[in-house]
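In terms of our numbering, the sequence shown opens at residue 185 and continues consecutively.
Keep in mind the hints are simulated off the structure, nothing from the lab. Just so you know, these numbers come straight off a predicted model, no measurement behind them. Be a bit skeptical, because a hint or two may be false.
[What the hints assert, rightly or not] Quick list of simulated restraints, FRET-style, between CB atoms:
| # | residue 1 | residue 2 | range |
| --- | --- | --- | --- |
| 1 | S1069 | D1231 | 47 to 53 Å |
| 2 | I441 | P296 | 41 to 47 Å |
| 3 | S1248 | P1176 | 43 to 49 Å |
| 4 | D479 | Q698 | 54 to 60 Å |
| 5 | E841 | E1135 | 51 to 57 Å |
| 6 | T429 | H395 | 38 to 44 Å |
| 7 | Q698 | D1231 | 33 to 39 Å |
| 8 | L1256 | S814 | 27 to 33 Å |
| 9 | L1256 | D438 | 53 to 59 Å |
| 10 | Y948 | S773 | 51 to 57 Å |
[To be verified] Calculated pairs, SDA-like style, for lysine to any residue (alpha carbon to alpha carbon, straight line, at most 25 Å):
| # | residue 1 | residue 2 |
| --- | --- | --- |
| 11 | K748 | G729 |
| 12 | K889 | K917 |
| 13 | K688 | T718 |
All C-beta atoms in this analysis are idealised placements derived from N, C-alpha and C, irrespective of residue type, glycine included.
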Amino acid sequence: MEAIVMDIDGGIPQDGRKTIFVAGLGMVGIAFIEKVLNLDEGGQYRIVTCGEEVHLAYNRVALTEYFQHRNIEKLYLNPPDWYASQSPDRFTFHTSETVLSLDAEAHTVTTPNRTIKYDYCVLATGSEATLPRYADPKVKGVFVYRNIADLEGLLTYVSVEGKGKGGRVTVIGGGLLGLEAAKAAYDLDTIESVTIVNRRAYPLSHQLDAHGGEIVLRRIEAMGVRVVTNASPTDLITVHKGDETVLTGLKMQDGSILDSEIVIFAIGITPRDDLARASNIKCMEGGKHGIVVNDFLETSAPDVFAIGECASWKGETYGLIGPGVEMADILAFNFTQIQTNVEFGLIVSQNPPDLSTKLKLMGVDVASFGDFFAEQRASAPPAAVQSLRVKRPVPATSKPLSHDQQDLNKKAKVWEITEDAAVVNGSGIGSEADKIAAIGEAAPRKKHGMAAVADGPIETLTYRDPFAGVYKKYIFSADGKYILGGMMVGDTSDYVKLVALVKKKKAIEVLPSQFILGTNSGGDESGADLDDDTQICSCHNVSKGDVVNCVKNGIDTLNAIKSKTKAGTGCGGCVPILTSIFKAEMKKSGAEVSNHLCPHFAMSRADMFNVIKIKKLKTLPEIMTAIGVSKTAIGCEVCKPAIGSILSSLYNEHIMEKVHHANQDTNDRFMANIQRNGTFSVVPRVAAGEITPDKLIVLGEVAKKYGLYSKITGAMRIDLFGAQKADLPSIWKELIDAGFESGHAYGKALRTVKSCVGTSWCRYGVGDSVGMAITLEERYKGVRSPHKFKGGVSGCVPTDKGWNIFVCGNGGANPRHATLFARDVPPSRVISILDRFIMYYIRTADKLMRTARWLESMEGGIDKLRKVILEDELGICADLEAEMSELVGTYYDEWRAVVDDPSRQKQFRQFTNTDERLPQVEQIVERGQQRPANWAKAFPPAHIKPELISEQKEQWEWRKLAKVSDLTPTDLGTTSCAVRYGDSQLAIFHVPRRGYFATQQMCPHKRAFVLEHGLVGDDPNSGKLYISCPMHKRNFTLTNGECLNDDSYSILAFEVKVSPSPVSDDEDVFLLLPSPDALDAVIGTSKWMVRQATAELLDRASGGGIEIVGPDGESMDGRSSAEVGAGCGGDKKLDW
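Start from the sequences and build out the full structure, keeping to the hints where you can.
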């Protein structure tokens, strides 16, 4: 990529500015440049940089993501227009340009294209991947994992040259880079197997102990990746093919051969000091690498500095981004924060960097912080050297902590010389001169607090949950007052808080056990308990205060915060706490946190309800035209059901009318609850749980006839599971003929009103609970609302003066006891109070908000609600009652309307082109009833792409699979149908003004053949059309099948054309398809159908686990392990 600014031809700017030349345009180099540009308010400097890569500065921490999207711009730390916006007088850059030499005496650097004169030179040359001596990079199949060029070389070898198809990959190294490389190879569709070879007994041995490493090892192996431990290769096995030498395997230390077509070496990095060495700048000796710098990051050459991985400070180099950015901060500060020549000794100097890390590797959250190996050093045998030992002051009220602290009244020495291990931050004191210097430095000082116990005895707290894959070890001072360090696997939710405690050396204010067990009061996830100087992003050294100041200065979007501070643009681990702090600060400052329904509508659900009502809007196109952000948008899986619910609450037109059907989520669309195997459940209304024997018999007969699994629900009804979509009209006809009607178990509506038997039978009853429950259910049946709501009536309450009304209870995700709303209400007033309450809820609640959450979010709470409903504070009670009376007066049985209309029944066919049916999931028998085979606890990711089809696209043919009338197209909304093609199931969609589209019917996330049942939406930013899977809302584009919200999946999409039928007035729908056999080999039903044996096999491979299921069976996929591992990270609440 060419620079988009003018070349520098040597020479110092004539305006008196000094030139800083930065060698290297990597993460540390650009961090330094940004900070100087930001801090140099006086315009003292002009920055020139050269980067040898063709790309602009990008995020190396996220290299693995490149395999998913193959778009380098998604990794850029700054977009190209940021570079273009910089004034050439302040910043000039050149890519694809390597610095060949540096003349420290002449203050010049030379590249192949130019010579640049500088005032100051900053070396940010980074490091390169280390190769063992036996590895020849010229051998075909040998790779390293360091930059985009390495990845593109691997992709070319695998995909273009075809040599990795079906091949085996071996990754040498089980550290951070090794696991990243293994994940990248694992995600390639053309790779047969991945093996990690690690010379230690477990992976991540530089971050974790054996217990933590074992859990990571289990998770890796559960993915199907083989891990060979305690092993090292000694040579490459190759063959000659023409002029090329090609890898075939590796010779191991024990003499065995490990077959492999590709090997990726990730055994470490080597600081790039070659430019400095060639310029006679002092570098490490004795086979070590690194440019030697002092505390102010100066090299041995005047006006030349080094930062990042290439810099060796006190004999140490650092391969993490955090220390590099810290060096950039120090140097940028020192350059810009004085008015005269830079005198670094008077400003800021380098301190031991924080090596805490928090990453997601192979799908596992891993973190280590502070002195995480303090326990190992404490148990190490002492070295026979004289060292400085700091003794810990004895707490006045403490019990003896060790043998030398028995005399509590004895005054502790501050320091003394002993014959013992010399351990300071893990490094022994070496020469005699070093010892004397250390003692001399320490003599006048007095250590307090944590510093006084740094070398003292320690204690550890450990939590290990092999089932959830969670491991935590926290290291404390022996008195439990200070946390020294620790490590986490699986749940890293408390990382930011713990790192802050370690860095500040603050005494903890709670019992150490609470860091593992949590407290009954729950944790504060808003970050309100963090000090402003707490670092929340270690990659770019961003504190909570930086985010707070951004909000105070008017930045009101999270993306703008990221752009300004760079938080969240490194490893991404800080995004959750960053988001929480942003929201909390926006609320605190009085700024509005968006409550917009979705990107298609810039208003809340409550506001939309009122606008639709006042403007008398009755269709989605009308609403989109009147108040949508884009007048031509079609909506999404969020706004469509919300608008459908609002229209039902206002007008109650049949949800299967063409104008409304496309807005319904799957349950409402087919008026039955979709189950995990793609079948549906049937729940007729049984008001108050009262049912006659004849109706019970009919339910049994219907269940036997259609092979339905029967269960009594918690709502006092009978649920019939496993109904085929095509059978639903027939089942409901039999039920309606027997006197049943729809129970609305599928809708965000009244479900049921339960009751005890009350005075009808109970000798302790004080009210006719059954009668009241039936009255309430008959009144509110079919009433749709923001979310489902239920009721119950008890005849055994301690009052005989009427009814006590309790509201806003919740038994779902976050249980909440109902609140007493009104006492001793006469029966004649119960209906009017509930009319007001329910209609006010319908008017004002947010989308998908249960009554419990509605009350919790209401300013003034239950007292405010009482004033509105009972005291008519707003003067709207008469309106609320009138609106409810009008709404309940529109009731009709939705299923009877379908049973009586054969044209509507056509939409329930499994396939429109055949009456034959295909099974969706294997059925098993359990306790005398059929049910679907278990899902695997975790299906592997699946990218289903055209490249997997054996026939080239040139061989595909246009094949007639449907008629246009099968889709019942309309300009008022999207329509769809499913077709069978061989053993494959396909979905065809019509989108008004956009045309026809087709995809496979199966969603690969849970292998469910349901995509045609989902909602079609469009992305408001890109305009891409997508189908949202009704199971767990994976959104797949209709044009190429990519998943917009989960990179682990993709599906096949097909071209569609429509032509006039030669035999009728209809039109025929054609799909461009390969032969049935070729397509069946990729997406055939029998290939992907869930079977019990398959699930058991996958579960054994995954090592087990528990799937947490939320409201309405919605799986909590995508939640952090912290939420699943309740009680393990500072919060004992069970958050489903």
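Tested hints:
1. Separation of S1069 from D1231 is about 51 Å and conforms to the stated range, judged on CB atoms against 47 to 53 Å.
2. About 44 Å separates the C-beta atoms of I441 and P296, a value consistent with the hinted range of 41 to 47 Å.
3. The hint said 43 to 49 Å for the Cβ distance between S1248 and P1176, and at roughly 23 Å that hint is violated.
4. Distance hint check for D479 and Q698: the Cβ-Cβ separation is about 39 Å, which falls outside the suggested range of 54 to 60 Å.
5. Here the CB-CB span from E841 to E1135 is close to 42 Å, at odds with the stated 51 to 57 Å.
6. Judged by the Cβ atoms, the range 38 to 44 Å given for T429 and H395 holds: they are separated by roughly 43 Å.
7. Checked against the hint of 33 to 39 Å, the pair Q698 and D1231 passes, with Cβ atoms roughly 37 Å apart.
8. Against the hinted window of 27 to 33 Å, the Cβ-Cβ separation of L1256 and S814 comes to about 30 Å, which satisfies the hint.
9. For L1256 paired with D438, a C-beta distance near 54 Å keeps the hint of 53 to 59 Å intact.
10. Under the hint 51 to 57 Å, the C-beta atoms of Y948 and S773, about 56 Å apart, fit the expected range.
11. Annotation: proposed proximity of K748 to G729 holds, straight-line Cα distance about 13 Å (limit 25 Å).
12. The straight-line distance between the Cα atoms of K889 and K917 is roughly 13 Å, inside the 25 Å bound, and the hint therefore holds.
13. Distance check on the hinted pair: K688 and T718 sit about 9 Å apart at the alpha-carbon level, within 25 Å; holds.
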